[in-house]
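Participant: Sequence:
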Amino acid sequence: MMLGMTKSALKCLYFPLVLLFSSSLMAESYDNYALAEGGRLYDNWALELGKEAPKTTHPGYNDYKGKKRGAATWRCKECHGWDYEGAMGIYGKGQHYTGTKGISAYRGASVDEIVMVLRNDNHGFERVFTEEQLTKVAAFVGQGLINMRAVINPRTKKVAGEASKGRLTYQEQCTLCHGSSGKARNLSKKRGQKLYLGDVANQNPWKAMHKIRFGHPG
Numbered sequence: 001m002m003l004g005m006t007k008s009a010l011k012c013l014y015f016p017l018v019l020l021f022s023s024s025l026m027a028e029s030y031d032n033y034a035l036a037e038g039g040r041l042y043d044n045w046a047l048e049l050g051k052e053a054p055k056t057t058h059p060g061y062n063d064y065k066g067k068k069r070g071a072a073t074w075r076c077k078e079c080h081g082w083d084y085e086g087a088m089g090i091y092g093k094g095q096h097y098t099g100t101k102g103i104s105a106y107r108g109a110s111v112d113e114i115v116m117v118l119r120n121d122n123h124g125f126e127r128v129f130t131e132e133q134l135t136k137v138a139a140f141v142g143q144g145l146i147n148m149r150a151v152i153n154p155r156t157k158k159v160a161g162e163a164s165k166g167r168l169t170y171q172e173q174c175t176l177c178h179g180s181s182g183k184a185r186n187l188s189k190k191r192g193q194k195l196y197l198g199d200v201a202n203q204n205p206w207k208a209m210h211k212i213r214f215g216h217p218g
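In full-length UniProt numbering, the protein residues as written are 1 to 218.
Hints were generated in silico from the structure; no laboratory data involved.
Each hint should be verified, as a subset may be incorrect.
[As the list claims (entries may be wrong)] Label pairs and their in silico Cβ distance ranges:
| hint | residue 1 | residue 2 | range |
| --- | --- | --- | --- |
| 1 | K194 | L47 | 18 to 26 Å |
| 2 | K189 | K67 | 13 to 21 Å |
| 3 | G124 | Y33 | 37 to 45 Å |
[As the list claims (entries may be wrong)] Straight-line alpha carbon distances no greater than 27 Å define the calculated DSSO-like cross-link-like pairs of lysine-lysine that follow:
| hint | residue 1 | residue 2 |
| --- | --- | --- |
| 4 | K77 | K51 |
| 5 | K65 | K165 |
| 6 | K93 | K207 |
| 7 | K157 | K183 |
| 8 | K183 | K55 |
| 9 | K183 | K68 |
| 10 | K157 | K51 |
| 11 | K189 | K165 |
Quick reminder that beta carbons are idealized off the backbone N, C-alpha and C, glycines included.
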């Protein structure tokens, strides 16, 4: 048994295998690498690309009621959330609330349609992304999203799935960095604070699910 690894964390590891990418079911498909990079760009594109995000607040963010300022507002997840539901999901209240719509409605939409949205005045991401990067973000949105509500209870944070299968995935894919106990790497950015993989999965299973499926930027 892996001490420190909760059932929530292990269940989060089960679903990526089942739901990883459904691109093979779509007429327009992109390889898993492109979808994964798109997911990391959605998470934190500046970190993924080794760039510095603008210090000014994103123009589109100013149209809403968010409390963040500066570089943080350029992260896609800061408005649309780890569950992709925006104000209708886990970002419906609290420090991340903006009132922004989610992106789940674009699941299954064409890459061209989504790229047009990324280029519009409200988003303006053509100023920081190449054409290839825009395409990868669009592919992630159109083909990489899953219905988080189907696997994570938004009220209890309980994760559906099979912990035993997630345990096998963890042993094969995650122990090199996180250790068999899940405590080999402290994920906290605050001095003196400890935060391990199991803690993240319990506190924010949507974030854990996204990062397990697409990886961590950088």
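Participant: Sort out whether K68 lies within 27 Å of K183, counting only the CA atoms.
Facilitator: violated (31 Å)
Participant: That 18 to 26 Å hint for K194 and L47 (C-beta), does it hold up?
Facilitator: holds (22 Å)
Participant: If you draw a straight line from the CA of K93 to the CA of K207, is it 27 Å or shorter?
Facilitator: holds (16 Å)
Participant: Is 13 to 21 Å right for how far apart the beta carbons of K189 and K67 are?
Facilitator: holds (19 Å)
Participant: K77 and K51 were given as a pair; does the straight-line alpha-carbon distance stay at or below 27 Å?
Facilitator: At roughly 17 Å apart (the allowed maximum being 27 Å), K51 and K77 satisfy the hint.
Participant: Hint check: K157 vs K51, CA-CA at most 27 Å. Holds or violated?
Facilitator: Outside the cut-off at roughly 33 Å; violated.
Participant: Taking the Cβ atom of G124 and the Cβ atom of Y33, is their distance within the range 37 to 45 Å?
Facilitator: violated (26 Å)
Participant: K65 and K165 were given as a pair; does the straight-line alpha-carbon distance stay at or below 27 Å?
Facilitator: violated (41 Å)
Participant: Please work out if K189 and K165 have their alpha carbons no farther apart than 27 Å.
Facilitator: violated (30 Å)
Participant: Would the pair K157 and K183 pass a check requiring their Cα atoms to be no farther apart than 27 Å?
Facilitator: Distance of about 21 Å is within 27 Å: holds.
Participant: Holds or violated: K183 with K55, Cα cutoff 27 Å?
Facilitator: Answer violated: K183 to K55 is near 34 Å, above 27 Å.
Of the numbered hints listed earlier, those contradicted by the structure are 3, 5, 8, 9, 10, 11.
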